[in-house]
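Participant: Sequence:
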Amino acid sequence: MLYNSGRMLRYRMLTLTPESNPCAGDEHVGKVADVLLDAQATNENQIRAIFTFGEPKVGTRLGKGETFTKIIVPGVASSTHELGRPDIPMISRLVAVPNNVRIGVRAVVEEAEEILLKLHPVQDEGLAQAEPEPGPPRTDIPTFVKDEKFYATNTLYPSKQAVVTELGEVRGLRLAKIQVPVGQYNPAANTLRLFRKTEVTISFEGSGSWSIDPNKQFDNQLQNIVGAVLNKDILKQLRPTPYTGSEFGEELMIITHSDFITQANALAKHKTERGLITNVHLVDNYQGNILDQNEIRDLIVSRWNDFMVKPSYVLLIGDVEFVPAYYYPESKGGSDEEPPPPSDFGYSTLNDPTNKRLSDLIVGRLTVRTAEEAEAVVNKIIDYEKNPPNIEDFYKHAAMCSRLQCCQQPNCWMTPEGTACLMSSFGVERQPFLEPLETAYDTISAAGFTIQRIYGETLYGGDPDEGIPPYTDDPMPRRFSSKNPLPPDLGPGGGYNWSLDNQGPKTDELRTAWDDGRIFIFFNWHGACDGGGWWGPPFFTGNLDTLATGKPLPILLSTTCDSGFYDLEIHSAPCSPEGSKTSFAEKALRLANKGAVAVIAAPRETKIHDNGLLTMGYGEGIAARTHGYRLGDLFFDGQMHIYLNASEAAGRVQNHLYHIFGDPTLRVRVKKPASFMAVSAAAYAAMEGRVPSLSISYATEGATLTVYHESVLAKRLIPIGRGVVKKGVAEIQLLTNEELPDGMILQIAATHPDAMARYFTSKITVAKPE
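All the letters of the sequence shown, read from the start, carry residue numbers 0 to 769 under numbering that gives the first Met the number 0.
What the hints contain is simulated information worked out from the structure, not anything from laboratory work. Check before you lean on any hint, since a few could be wrong.
Unchecked claim - With a straight-line Cα cutoff of 20 Å, these simulated SDA-like cross-link-like pairs (lysine to any residue) come out:
| id | residue 1 | residue 2 |
| --- | --- | --- |
| 1 | K196 | L155 |
| 2 | K395 | T511 |
| 3 | K235 | L172 |
| 4 | K725 | G688 |
| 5 | K670 | D488 |
| 6 | K268 | L716 |
Said to hold, decoys possible - Label pairs and their computed distance ranges (CB to CB):
| id | residue 1 | residue 2 | range |
| --- | --- | --- | --- |
| 7 | S575 | F675 | 44 to 54 Å |
| 8 | V162 | A591 | 24 to 34 Å |
| 9 | N592 | K714 | 29 to 39 Å |
| 10 | L35 | T14 | 21 to 31 Å |
| 11 | A188 | D472 | 46 to 56 Å |
| 12 | F675 | E737 | 52 to 62 Å |
| 13 | V162 | N44 | 19 to 29 Å |
| 14 | N736 | K714 | 15 to 25 Å |
Values in this document were obtained by computation on a predicted structure and should not be read as measured data. C-beta atoms are modelled at their ideal positions from N, C-alpha and C, and glycine is treated no differently.
Build the full structure now, drawing on both the sequences and the hints.
Facilitator: Next up, the structure:
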């Protein structure tokens, strides 16, 4: 205990030392772990990367009468994951693998130091489940677990300094995960061997090939996946392949019930005019049939297999009575009475949905029950994209909501003079809700965002069954549950107004922030068991009614239990069988001209630790993007963070649980869009042998032009191709090999991530052969 306190005192002192003059030998204190790709040594046959680690932070943990040390390495979110075994942080990265090769891995480590300590075992942090209020908070921290037999073994753990795990295919791309521990631990000897860096070489043995084309203009989701792998630059050098398929297909599939066909068609028209090829499919009248879950999925897979443009996104319009959901009993997180969770994850995979953790497609749902509700939601989406807020501050202003559960019992011991307590053990959060939010806070703030913290506090009421008394010491928050200190502006003397109220100032603060306009509102704490909303700060479906109309609409990132309980009309909440049949996420989405434009939420109980990973993933995704993007891209960022840093089982469960309540193709902007797009273009076609070409002169550099032709026979727009304007000209990647006639009228959607879209016509001029 004293060693850990002394080491952290040294750590804090050294991090105050100016970087220009570090103490000799202590240069790695405060450094964030990183992965540096050796570009010269990386090619189609191998990947070489250097994994570097800063010095770890240490904290004291108690469990079943023993004192342990937990280590935290800045920048490392993953760990060994084996419950009850030593908790070793690990860096994880995604790599792309050629087909038909064997994977080899070699690691060379540079040791930093060896420490004598008893390393804390991996624990289950518990559920972010409902809180009964008023009354003592319900924490439900699981029983402490230690694998006694393993802790007696005289061996290094993990046994390997780098491990590659195959993950299967996503959109035809073979993927694997490389995991590199920050060190190795001998449980019997209580020694931790820490690494300064590890050089890893991943080799692809055999005659391999790639079956993807990441440069295809009509594959948004593949481009997301390629952008996430360590060897992405190699993939971008692959030769282009032709489009194949009997028909054109679509990027966005809208799947709905005939009750909502008018609204679905209006949204499809809007998306098409913004350069997103979109088609509508009916579940209750598809070629005369009513489709169940598996038949809907078969439809999605057939559009992938047989059409030129492969779907990247699916939008379901209709509640579960209209468009059915899958159910995954194995992903239940709560009590036996809790019904299995509904999930749209099955619609996102091209292969066996029970064994997938990453989505081939991004799926969203408008959980509406009436045409009026569908009208309200579709109008919100269209207005959000066509008439974005004319307030620059909106696009860089977010809010983060939570409560600090005060507090862990202080570490005390008896002395001849009486009881002595470690001062650093007062004011320590009981469960890890705040630290992931504050990690995301730091990440997003560094990207230029202003973030309003709306944090309350609740006092722990004790647990008589476990013999734990209520917390009655100083309630001033001082430390996260990891024992890391709170930021100075949240700690003693920082002036932050921690509130112990229920529905009071913090609820009012959130309502005001919502009405003032926040592009994102994060929530990471307990949710109401009946799906009715958030406990900290308290904000429920009734509070949504009090929001002002006509204000800029936020996107809600609700990492908590039950707030997306979207099948209440089929499965009542066990804690409230006669309660409301509308969840918080659904109501926020359905409200006309207020509420939220989209919500990411879960329909059942979720794990606190994994919710924290999602929160950090969203933070990294928001901070990394300097231009506009789609909501589905951010959802994928969270999914990827879970994919890399949670256990395999946890990753699968989180993907089953979390949903987009809204449009996955919603355009999320990073600044107020400009109106600089040109309103006309000149199109020139030619035949080079038997291959047609189309060039379009357009004045807006960097714009993407999606080109259609209106078919009189088919009575619909037919996509022709897409290209990006470079030096005033877009060379269109064509979907057709047919000759383009002189005088053909083209419909052109011109888009740019930082500007308003334009939709106009142009006439083809055929270049005469010389």
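Participant: Hints first: check each against the structure and report whether it holds.
Facilitator: Going down the list of hints, with the structure as the test:
Restraint check for K196 and L155: the C-alpha separation of about 18 Å stays at or below 20 Å, so the hint holds. Of the supplied pair hints, the one linking K395 and T511 holds, its CA atoms being roughly 17 Å apart against a limit of 20 Å. Among the hinted pairs, K235 with L172 is consistent with the structure: their alpha-carbon atoms are about 13 Å apart, no more than 20 Å. For the hint linking K725 to G688, the alpha-carbon distance of about 25 Å lies beyond 20 Å, and the restraint is violated.
Under the criterion of a C-alpha separation no larger than 20 Å, the hint pairing K670 with D488 is inconsistent with the structure, at around 28 Å. Restraint check for K268 and L716: the C-alpha separation of about 10 Å stays at or below 20 Å, so the hint holds. At roughly 52 Å, the beta carbons of S575 and F675 sit within the given window of 44 to 54 Å. Here the CB-CB span from V162 to A591 is close to 52 Å, at odds with the stated 24 to 34 Å.
Restraint check, N592 to K714: a C-beta distance of roughly 33 Å satisfies the suggested window 29 to 39 Å. The hinted window of 21 to 31 Å between L35 and T14 holds, with their beta carbons roughly 22 Å apart. Between A188 and D472 the Cβ separation comes to about 37 Å, which falls outside the hinted range of 46 to 56 Å. In this structure, F675 and E737 break the distance hint of 52 to 62 Å, their C-beta atoms being roughly 34 Å apart.
In this structure the supplied range 19 to 29 Å holds for V162 paired with N44, their Cβ-Cβ distance being about 20 Å. Between N736 and K714 the CB atoms are about 23 Å apart, so this pair conforms to the stated range of 15 to 25 Å.
Comparing the model with each earlier hint shows violations of hints 4, 5, 8, 11 and 12; every other hint is respected.
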